[in-house]
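Take the given structure of chain R and dock chain A to it, following the hints.
One letter stands for each residue in the lines below.
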Amino acid sequence: MKIKTKIFLTLFLTSLIFIISGAGVFYYSALKDFRSSTDDRLETTIFSKAQSAELFLEVLKTRIIDFSSDGFIKKSLVDLQKDKNKTKVSQALSEHLVLNKILVDKNIYDVFVLDTEGKLVGAANLNGRIGQDFSQESFFLRAKGRGVSISPILWDKEFNQLGIIVSAQVFSGEEFVGIVVNRVRPDNLFSILEDRRGLGQSGEVYIADTQRQIASPSRFVPDAALEQKADTEAVDHCFLKHKQEEHAKIMSYRDYRGVPVFGSHYYLDEIDSCVLLKIDQREALIPLVRLILIFVLIGFLIILTFLLISYRLSSYIIRPIKKLEQGLEIIEQGNFNYKVGTDSKDEIGHLSRSFDRMARTINKSKLEIDKKVKEQTKEILKRNQEMQEQQKAIINILEDVEEEKVKVEKLAADLKKFELAVENASDQIIITDLEGIILYANKATEKITGYSIKEIIGQKAGGPNLWGSRMRKNFYKKMWETIKEEKKVFQGEINNVRKNGAEYVVLANIFPVLSNAGDVLFFVGIERDITKEKEIDKAKTEFVSLASHQLRTPLSTINWYAEILLSGDAGEIKGEQRSYLEEIYKGNQRMVELVNSLLNVSRIELGTFVVEPKNINIVEIAQESLSQFAVEIKKKKLKLKKTVKKDLPMVKADPKLMRIVFDNLLSNAVKYNFEGGSIGLKIGVKNRNIEIVVSDTGMGIPEEQHSSIFTKLFRADNVRGSNTEGTGLGLYIVKAIVEHTGGKITFKSKQNKGATFYISIPLKGMQKKKGTKKLS
Amino acid sequence: MKKKILIIEDEETLLSVLSKKLEKEGFQVVKAKNGEEGLSVFVKEQPDLILLDIIMPVMDGMEMLKRLRETEKGKDVPVVILTNLSEAGKTAEALEQGVFDYLVKSDWKLADLVEKIKQRIKS
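Residue numbers (the working numbering), protein chains in the order written: chain R, -10 to 765; chain A, 337 to 459.
One chain only, chain R, in its complex shape (with noise of 0.2 Å):
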């Protein structure tokens, strides 16, 4: 909204709120002043009507008590009584009525005496009718009872016009002797009412009867003398409340017109009728309706004035304000230089100067404004290119780290690979911490076990809690000590229990995982549930020894049964006896020793035999058992060449083992050798291995046959069709011997041209083997 605007309303709202309000003041103080002045006015002019009228009556009462005192009616009255010359007296008195009565008040229009009977004695006007009885009227009644009667207004049958009776008791002395009256016409009566000055133009003055009748003449109806009835709320009043004296009271009713007056009245006592004054409303506001409407001219008048002053002013105070907007918009354009100040000293003034001030300093902000947003522009651009750059370089990064990540989910898809492997081993695979506390159980772990992967995670692997605990103390501390001290595999059987009590056996290989620097990140142990192979073994074990055992006894019988036989103890034995016996006896041997040999090869393929290694000299092994073929080889005649190497150093290894090894090499050598050949043996130390050769210049093996020579049973042709026994075990049992120690067998042979074994055997020597057999 316009300043304009803005100044012109609020003007015109004052004006208009000022006039509104000192209009609803005015008006109603004025209301209230007229209403009050009407009132007065009213109540004012009741009151002088009233008491013309009450004058008026009081007029007539003195007559009539002046009349009641006349001697001449009273002589008459009392002649009368007396009944002389009733007729004449009457008559005298009708004249005396006629000549000085009647004549004293022109409105009185008749005179008459009654007796005491209410006989009509004399008349101004009703000669004939002397003794008519007026016994009941109420003239004669009042008058008796009161003394003096006047009546209200009323049609006076008699003489045909509205007049009023009244009438007075005469005394002659103490007597009552009569009563006079006097019919009165109310003209001065109706004069005072119909005196009208200063009711306006519908002012009205009026009596009305306890018939609620208008006994008076009316200003609006004619003839409306008790003809109009006047039931109005006013009348009502005046004649219910005068006994409160509420005579007087200005109401405000519907007249007998039904038009709106306001109105006051006055009982009158005498004549038990009400006076009425009323007027219009509507011509008693008048004036005030008159004021009103001069006041809402007024009223806009001063309105239209402050329109225009306001118009004015408000253009006056905007000019400035104009011009400076004006300014402001040049400035706007552009133009700093501009000047919109005036000289002025209102406020209008000192903003104007105070924006030509700011537009300097605007000005002056803008030409730095400038040059910094150059010099800043440069900066960015500058920044823009290194910013380029540097996302060429992120670009690269990213194209890196998208290679890594292919990398990355490649191993982890790698990962979950083992993972699964891992967790879907049959084997049991835990991974545990550096104290042996179980971070990982695979769910092999759950099966063999028994524990479940909760109750397992957090425990000390192989503690009392879960399934160990169950080998000696020693064992463990052996065991830690390998993997956590010397950080070497570990590997062994290891008897535990599963949770639900059953006992069962592990082969465990228990390993730390050692980070780039050599330290121990944490240990990894598998264990394969072997029970059921240890079950099967044993069972195999258990029937290999017995069937040794029941194979062995009926050889013992024969054994030595021959034996004694041929020892001479049971009788002598002769010739072909003894060369018989021998037989068997010798069949019974090659008997004992296949069986010996087969339990030794039964004990290599089931892996039971137990190597004991001591620190031994592996000559004397040679010697001991070469000594036991001394008598063969002085039979075949055969040459023995020895080539021992002084101080061989010890070697681990199992003596027993190695003497089966040299007892069955040698044994071949004699055995497969002709008649005069020889026998070699080599025995010395080559790059920290034993090397023993023993050679022979026997049968030899022929060449198709060499890839067969280690295995069980085997004999070669040439050897089966010779005289020669044989197992054909010994090889098999050397190999395996041999190779169990970490060394190597060969041979080199021809059919015929010998065989020559070459044996080497690492210096550490064989490995302790917890067995549950010997070979023997």
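Derived from the structure by calculation, the hints contain no laboratory data. It cannot be assumed that every hint is accurate.
To be verified - Derived BS3-like pairs: lysine-lysine, alpha-carbon spacing no greater than 30 Å straight-line: (1) A/Lys360 - R/Lys575; (2) R/Lys575 - A/Lys356; (3) A/Lys426 - R/Lys529.
No experiment lies behind these values; they were computed from the predicted model shown.
Frame of chain R, contents of chain A only:
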């Protein structure tokens, strides 16, 4: 005085050939067919050496040996195990119980066996 040898062996044939040989060599021989019998015979006869088989009914050799070593008199008597069972476990067990030898029957000639006995019985 003749040395008394107690042979505890369940195989009749072996038992008889052994006792024949030993008697021939000048020993007195008493026999038992199983570990239980062996114990009672030992108590009765007080032999100087026992030849003990392992696999026997009623009470086997190892059991008998254990019980023997618990007795006052059986503590120190020389025992030679004579069996066809070549189990390393059994050997160890036997040695624990203080036997002098663990001989596999089928590997030993009677003559060598006798030598062994003579050796053992002296000490």
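Structure-based check of all given hints:
1. Simply put, A/Lys360 and R/Lys575 have alpha-carbon atoms about 24 Å apart, close enough for the 30 Å limit, and the pair holds.
2. With a C-alpha separation of about 22 Å, the suggested pair R/Lys575 and A/Lys356 falls inside the 30 Å cut-off, and the hint holds.
3. In summary, the hint linking A/Lys426 to R/Lys529 is supported, as the alpha carbons are separated by about 17 Å, within the 30 Å threshold.
The structure agrees with every numbered hint stated previously.
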